[in-house]
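Q: Take a look at the letters that make up each chain.
2 protein chains.
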Amino acid sequence: MLSNQLLNKVTWKIPNALALVGSASGETWNGMTTSWITQLSMEPVLIGIGVDNSAVTHRLISEGGSFTVNLWDPADKRVFVKFSKPAVRRGTTLNDRQVRIGKTGAPIFEDAIAYMDCQVRYAWDMGTHTLFIGEVVDAGIRDDTIRAAAMSDTRMKYGGVKRGGH
Amino acid sequence: MLSNQLLNKVTWKIPNALALVGSASGETWNGMTTSWITQLSMEPVLIGIGVDNSAVTHRLISEGGSFTVNLWDPADKRVFVKFSKPAVRRGTTLNDRQVRIGKTGAPIFEDAIAYMDCQVRYAWDMGTHTLFIGEVVDAGIRDDTIRAAAMSDTRMKYGGVKRGGH
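Protein chains in written order, with the working numbering: chain G, 784 to 949; chain X, 784 to 949.
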């Protein structure tokens, strides 16, 4: 018997990344905490991210055609809860974090330890989430000594079955 | 300038899982170390895995229409190198690890701390790898006290740009 409880427990065990995804449509920018991230091809280098269909980021990536993946210092965890809601833009900041616009038009966080700037090649609606697959057209490493944050660095969980108001 | 070296370095920083993927076509069974794994939808619960187009596992999943994701104890790391090559089946073992056939027909490792048995719903060739997306139709947890292994538990790396003979 495959209960929702078991589905939650087992999927929460999958070791996930924890990063900020940047997106933009015109003057509307956002950053969103994201854990469903994986590379999907080596030639070209493609990165896939799963984004909730109801998220602001879903609209911005759909309109803007690009996204950034910003890997983060695990010591700077406060961002992950903060960026679980739509971010507040002031000038060139999102939630008071400095960003700059990358080659694809999506914002890159200056505080990221490393980033990938991705042009969307495919977008597939999987049900509750859309898989955006982007080619890495630009990338950078700010600090090569720090490992990137993972979900397991926090007490957060993401995944499992759909819940009311998720 | 986006060099192959930078693409390798930045993609290797993405925190990945490290698990064994089970697959079967008729009497041919395999288990393969896999790190490109993420959930992709909550309703239905879909899991995506990226599998090298030249891998035995690619053929078996394509033919068998299913796969299992076997999460592993990080203290039992030897399997990951061992299962980087096609596994040797003897009876109901793969590389001397006991397996049983799950609901979908794919093998489940008895040593896994948890498993997801997935029926393939979509398969998309991304270039070097195919993204197999499966619905979790059965799952189990053998030991709920152990966290699942991640790539960072080893010195292994996977991803980046394609290399000769990869």
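Incorrect hints may appear among the rest.
Which copy is meant is left open, because identical chains are indistinguishable; a pair holds if it fits in one copy or across any two.
[Claimed, not checked] Cut-off 35 Å, straight-line C-alpha distance, at most; resulting in silico cross-link-like pairs (DSBU-like, lysine-lysine):
(1) Lys-940 / Lys-860
(2) Lys-886 / Lys-868
(3) Lys-886 / Lys-865
(4) Lys-792 / Lys-886
(5) Lys-792 / Lys-940
(6) Lys-886 / Lys-860
(7) Lys-940 / Lys-886
(8) Lys-860 / Lys-945
(9) Lys-940 / Lys-865
(10) Lys-868 / Lys-792
(11) Lys-792 / Lys-860
These are computed hints drawn from the structure, not numbers from a lab.
Q: All hints, please: hold or fail.
A: For each hint, the structure was consulted:
1. For a Cα distance limit of 35 Å, the shortest separation of Lys-940 from Lys-860 qualifies both inside one copy, at 14 Å, and across copies, at 25 Å.
2. Only within a single protomer do Lys-886 and Lys-868 lie at most 35 Å apart by alpha-carbon distance; the minimum there is 25 Å, versus 39 Å between protomers.
3. Only within a single protomer do Lys-886 and Lys-865 lie at most 35 Å apart by alpha-carbon distance; the minimum there is 26 Å, versus 41 Å between protomers.
4. Taking the shortest Cα distances, Lys-792 and Lys-886 sit within 35 Å of each other only across copies (19 Å), while inside one copy they are farther apart (39 Å).
5. Taking identical chains as interchangeable, the C-alpha atoms of Lys-792 and Lys-940 lie at most 35 Å apart whether they share a chain (10 Å) or sit on different chains (27 Å).
6. With identical chains, the CA atoms of Lys-886 and Lys-860 are at most 35 Å apart within one copy only, with a shortest distance of 27 Å there and 40 Å across copies.
7. Proximity of Lys-940 to Lys-886 under the C-alpha cut-off of 35 Å is found in both arrangements, the shortest distances being 32 Å within a copy and 28 Å between copies.
8. In this assembly of identical chains, Lys-860 and Lys-945 lie within 35 Å of each other by CA distance both inside one copy and across copies; the values are 25 Å within and 33 Å between.
9. Taking the shortest alpha-carbon separations for Lys-940 and Lys-865, both the intra-copy value of 15 Å and the inter-copy value of 31 Å come in at or below 35 Å.
10. Taking the shortest Cα distances, Lys-868 and Lys-792 sit within 35 Å of each other both inside one copy (24 Å) and across copies (30 Å).
11. With identical chains, the CA atoms of Lys-792 and Lys-860 are at most 35 Å apart both within one copy (23 Å) and between copies (23 Å).
Going down the numbered hints, you'll see the structure goes against none, and every one checks out.
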